[in-house]
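Chemist: With the hints as extra help, turn the sequences into a complete structure.
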Amino acid sequence: MVVCGDDGLAHRLAAELRGVYGEQVTLVVPASERSVRPPVVVRARAASALLDRVVTAAAGLTGNGGGGGNSGTAPAAEPPGGVRLMEAAEPNEAALAEAGVERAHALALVYDDDETNIRAALTARRLNPRLRLVLRLYNRRLGQHIEELLDQAAALASGEGAGGSAEGSGFDASTTVLSDADTAAPALAATALTGTSKVLQTGGLLLRAVERPPSGAGTSADPGLATLALLSPTDSAGPGGDQGPTLLPDAAAVRDGGGRATVVLEQVSYAGPSLPDGRGVMPWFASLFSRRLRWSLAGMVGCVLALAVALWLVTGIHPLRAFYLTLLDLFAIDDPAIGESVGRQILQLLSGLAGLLLLPVLLAAVLEALGTFRTASSLRKPPRGLGGHVVLLGLGKIGTRVLTRLRELNIPVVCVESDPEARGLATARRLRVPVVLGDVTQEGVLEAAKIHRAHALLAVTSADTTNLEAVLYARAVRPDLRVVLRLYDDDFATAVYRTLRAAHPRASTRSRSVSHLAAPAFAGAMMGRQILGAFPVERRVLLFAAVDVGGHPQLEGRTVGEAFRAGSWRVLAREESGDSPGLAWDLPDTYVLQASDRVVLAATRRGLAELLGRRGRAGT
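The sequence shown lines up with residues 0 to 619 when you count with numbering that gives the first Met the number 0.
Be aware that one or more of the hints could be misleading.
Unchecked claim - Straight-line distance between alpha carbons at most 30 Å, and here's what the computed DSBU-like set of lysine-lysine pairs gives:
#	residue 1	residue 2
1	Lys380	Lys449
2	Lys380	Lys396
3	Lys197	Lys396
4	Lys449	Lys197
5	Lys396	Lys449
What the hints assert, rightly or not - Simulated restraints on C-beta separations:
#	residue 1	residue 2	range
6	Ala447	Val341	49 to 55 Å
7	Arg254	Arg539	54 to 60 Å
8	Ala462	Val365	39 to 45 Å
9	Ala251	Glu97	52 to 58 Å
10	Ala462	Asn409	19 to 25 Å
11	Pro535	Gly556	32 to 38 Å
12	Gly566	Glu468	48 to 54 Å
Worth flagging that the hints you see were computed from the coordinates, not collected in a lab.
What you are looking at is a predicted structure, and each value in this text was computed from that prediction instead of being measured.
Glycine included, C-beta positions come from ideal geometry on N, C-alpha and C.
Modeler: As structure tokens, then:
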């Protein structure tokens, strides 16, 4: 694997490929990056050092990979951890050739400049038509056209003979264009909702792996969507465990492992109150008039009804006639009640007085309705009594994606934005999301967003200091508030996280960098389009992939129960087509997998390599 970039995403991606997938990685960075960025890889290597030793021991190779595919570089350029570091001012043809692109399986171009990534992708496709490409582009529409162009170039090159060996090796020459904003948004939304960023997005759903404590004797815990693993009997952090985790156990193993904690797959969902959608008569009426005016109108209606009932009781006339006469008195249309009874005269005076009071109320209603219609396209204000919502700070590139994802999960959101021309305001207006315009660092802005009744605070502005100041102020208002803040620098994010957790041990605090959240999605794309994500289970890793059943004898024509291989792979869901596409998670064990089916499965690295007919870099 070759990774080229000029910021933290490149280093995170290299660490993810090496630590999670056990791949050999060549990292290409500008010359000035060498003295600044390598500690990120070293820190990631420290977290996965034991995993690397397990992988290399099973493969019978050293940590450096024996030099296969890297024969054209000096050994001194490869630091410990299996990540070879190379310096290049720009990803030109000479730099890509030196990085071994002609022999690589995948190349990730994650520079901060779209033009640099596109130019390098065109060069790499010419050097190696079978190369899998992953590009980071901010322009999504341009990214779609570039993806089609590079895929077409790869298909034409494969038709000339290069595709035969590509098929035989099991690697596809696909092109995937990603945006770090799109890939980080689901994790940020899940962090605000559940406190974890280890999520999997598939079929329009957000899934997470949840660790559950051991169940009592004779009882079994809720398996969720699927039981992914049985954890070690001892503390996973302890070195003396005699038994490691059991990945993808069968029903008998789950039943016999009642004394072991389990890892199950759950859907990330929201069960709290939701914002009104503005549909129906009452929501429309509530949005048309303010709360004070609605109460005034309700009081006047009650007064009119009371006067009509009193007139009916005093005079004994028909109730409808009594109501009619009350309205005439109210609007000063009827003749004076001269010669009538005292009760009728008193009621007429009260009706006239109510009419005088009704006039300014009606005038206020007309003016407010006109103002509401005039500002129908303006931003909504947070409704009174709102609670259990998420306060989202910043409607830039990241904030807009997070807002869209939160609303897809039906989570009520109140946004805070200081720029009246921000790109996300149009999205908030379209989704009918309340927005508070103002500087979050000024007093009263977070209060206007109902921060004291919020479920969580998501600070994703582009300024680290603004995010930190907002979180500190919110914690002063609500010490137990769940906060998630976006910080660019990983070291700064770690320091802020530890300090906030020490100061507020009972509150949930998460500090995330976009590169940290986006790296797993980029790494999965480098492994192939079928890879959806990965979850760590102690010192091992579970992969999730979308696979076409056709062409896989282990799946085609077999039932779900027969296709399940404990410890290797397990079919979780089947993609449904038609009018309502989605994922069917309740597949019975007797369902027969057809060649036209596409399934989502969980697998170990070795199991997925065997299922896809690939020979891993270390052999099987």
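Chemist: Looking back at the hints listed earlier, which ones does the structure fail to meet?
Modeler: The structure conflicts with hints 7, 10, although it agrees with all the remaining ones.
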